[in-house]
Amino acid sequence: MGNETVANSGAEAAKPAAKTQATPKLLPHQILGTSYYLEHPYQGDKVKRFLEIFAAVLKHTNYGHLVDTYARVGAKCANCAVACQIYLATNDPKDIPCYRTNLLLEIYRRHFTFRGVLQSKVTGEVYLTDEKISELAESVYHCTGCRRCSFECPMGIDHGLMTHLSRYILSEMDIAPKALVVATREQLEGKTGNTSAIPVPALLDTLEFLADDIKDEKGIELQFPVDKEGREFVFFPAVSDYLLEAETLKGIALTFYAAGEEDRWTIGTGYYDGINYGLFYSDWCAERIISKEIAETKRLKGRKILIGECGHASRSAKVFVPSFGGGKNALPVMNIMEVTLDMLRRGKLKLDPNVITERVTYHDPCNIARSGWIVDQPREILRAFCKNYVDMEPKGEKNYCCGGGGGTVSIDEVRSYRTGVTGKLKAEQIRRTGAKYVVAPCANCKKQLREVCEDNDLKGVEVVGLHDLIYKALILDNKGGKP
Amino acid sequence: MNTAFYLARGPFLYLAFAVLILGALRQWGLTIAEVIRAYRVAGDQKIPWQWMFKKSLGWIVPVNALRGARVLFTIASAVFHVGMLLVPLFLAGHIALVKKGIGLAWPALPAAAADGLTIAALAGLGVILLYRLLDKAARFLSTAQDYALLALCIVAFVSGYFVAHPAQNPLPFNLMYLFHLLSAELILIVLPFSKLCHALLFPSTRIVWELGWHFVPGGGDKVRVALGKAGEPV
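So the sequence lines, in the order shown, correspond to chains A and B.
Its first residue numbered 1, the first sequence is counted upward by one per residue in the numbering used here.
Its first residue numbered 484, the second sequence is counted upward by one per residue in the numbering used here.
Chain A on its own, in the form it takes in the complex (with noise of 0.2 angstroms):
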């Protein structure tokens, strides 16, 4: 069944002409579909590849002795079960992070541990297969890498890592989703450098348009700051906030307007995308797209990397330019909710407790939330000025993921799964707060949580930034700006 989906569509795409769109293939649950799109998965001998990629990337990375250790250690004590939303929708055991982690800890133990080795030796069997590969291949992309099950292993076993290894090495003989891997394609080597294919006279006309529109709505005449060097931040947003999250945009800007601080950032225009899908899906890419931040924030002599309201754009940067930048002499990393923060912790913000009124709740973003590195920062910004403010349970570093993670929100494709399955339990935790705004800093999950009310008749329920509600709510008549 999974050989079926991923090598079919993979099939499709690699016809050149193949761009009509097939319906998507169903699990055995019967609601979802699950196959995404490949380009032009390898045509060769599969296995002898997918041996070939594994060996290579034990050698050069910091995996070997990580997937060793998992190898002896893994208990089996579906401990992860009951922490992983996509199994508690599905009830399908090959759900279960531990089955799916094990899928690639076999390979390894089969092939590359002396056991397993002598095993295969003396039975004459390889125990890859095709088909092993198509399983994987499906049951990795079934996984939001939200990380929550890794609380859960006794043993430590972090399943979202696994679950990126082994995209990582089915990346490398190009089975990704063809979605993840063409807007990673335009960033790096296209001619507009952003996942969004946004050139930069699109880009400088939609600071105009977003200043216009703060002029009209606030009276108030700002500039975004384009190039400007020296600043402290150079700003990196997802990208796709230029065409799809114009409030959350217009409220960074404020936000640094209201508190006097214009001066302290910048949006460069010779790189201007926060999204990394390397994270998801491949470490080549992840480190190509770390060094184009760090490049143009050293060009443009800022001190600081600063990443809009998106979960993984903020992680990725905050592991990677660290990883990728020079360690200890890395570019420090932000995230604009904890600049917000800092800005309303100084008194510099005024926020009009009169404006949101209705009933605010706050999503957690797994890839800033699951470490615990952004937490409280927001809840401190939202209770200063939303009097309904209610959580969600569980929430912070326990949170449900929006069922977009991992990239599959990108996949249109299997947005029956994302909304169906993965992001059943966020639907329901949605409804049980009643809460209209429900505030999302990351533009992963602002899409999917939108789509996820859509489809699951959650009417009446606005999915906003965070900044989004903090650019109603300033105050700026000491600024000239409307009351």
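No lab work stands behind these hints: they were computed from the structure.
Do not rely on the hints blindly, as some may be mistaken.
Covered by chain A, per the in silico footprint, the following chain B stretches (three or more residues, Cβ under 8 angstroms) [unchecked claim]:
1. 484 to 494
2. 532 to 546
3. 652 to 658
Mimicking BS3-like on lysine-lysine, the simulated pairs with C-alpha atoms at most 25 angstroms apart in a straight line are [claimed, not checked]:
4. B/LYS712 to A/LYS46
5. B/LYS538 to A/LYS292
6. B/LYS705 to A/LYS292
7. A/LYS48 to A/LYS121
8. A/LYS328 to B/LYS537
9. B/LYS529 to A/LYS304
10. A/LYS121 to A/LYS132
11. A/LYS59 to B/LYS712
12. B/LYS705 to A/LYS59
13. B/LYS537 to A/LYS76
14. A/LYS191 to A/LYS292
15. A/LYS298 to A/LYS228
16. B/LYS582 to A/LYS178
17. B/LYS619 to B/LYS529
18. B/LYS678 to A/LYS395
19. B/LYS678 to A/LYS121
20. A/LYS459 to A/LYS436
21. A/LYS132 to A/LYS46
22. A/LYS328 to B/LYS529
23. A/LYS178 to A/LYS48
24. B/LYS529 to A/LYS292
25. A/LYS387 to A/LYS304
26. A/LYS228 to A/LYS191
27. A/LYS215 to A/LYS472
28. B/LYS712 to B/LYS538
29. A/LYS178 to B/LYS529
30. B/LYS529 to A/LYS298
31. A/LYS59 to B/LYS529
32. B/LYS705 to A/LYS398
33. A/LYS328 to B/LYS712
34. A/LYS301 to A/LYS328
35. A/LYS348 to A/LYS395
36. A/LYS132 to A/LYS94
37. B/LYS712 to A/LYS398
38. B/LYS619 to A/LYS132
For every residue, glycine included, the Cβ atom is placed at its ideal position computed from N, Cα and C.
Given chain A, put chain B in place with the hints provided.
The following block gives chain B in isolation, referenced to the frame of chain A:
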């Protein structure tokens, strides 16, 4: 029977300890070497020691998991592990054997405490076994090894209890003693090579995990070069 008994108390016992000790040294040696290697090639060498320590401790004393969805399993597992560590190491009978063999001795558990821990550990094992049999997820994941190791632990504890309480022993004493020796020796022998290896590697799993996220600069390029894909586009 007597030969088997002689072998189990003599050569096999030494063999079992030799396998365990050599296996453990190999695992620990490899782990230390690999951790140092991974640390040196990592681009980011900042390690959150405190966080890791807290996380490991959180599972040694799993109070957090008591709020989770598998409370009974967590308690049973913790109780079993406490018994599994304390009883073999601190039983007066075991210490007396070691003293006779190599002259080392250390304080022993009171007999009543050892009995209590044994029964508690057995109860824990029972609950763990029930989870494996009845919980859908656990049953799906379980392999023959998982059941065999559980059975081995149960045999070791039950036989040990009867060796310590000969009056209640339903079998000939020497036969029960033989079961105890052989099951315990088997545990020691398979420990470094089976999933029981987690007893040796538990202290290092967090640092190994942490270093897994500390990527190697240029690693991706090297992989592409090794695969003959250098210079190819995305």
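Broken hints, numbered, in rising order?
1, 3, 5, 16, 17, 18, 25, 28, 29, 32, 33, 35 and 37
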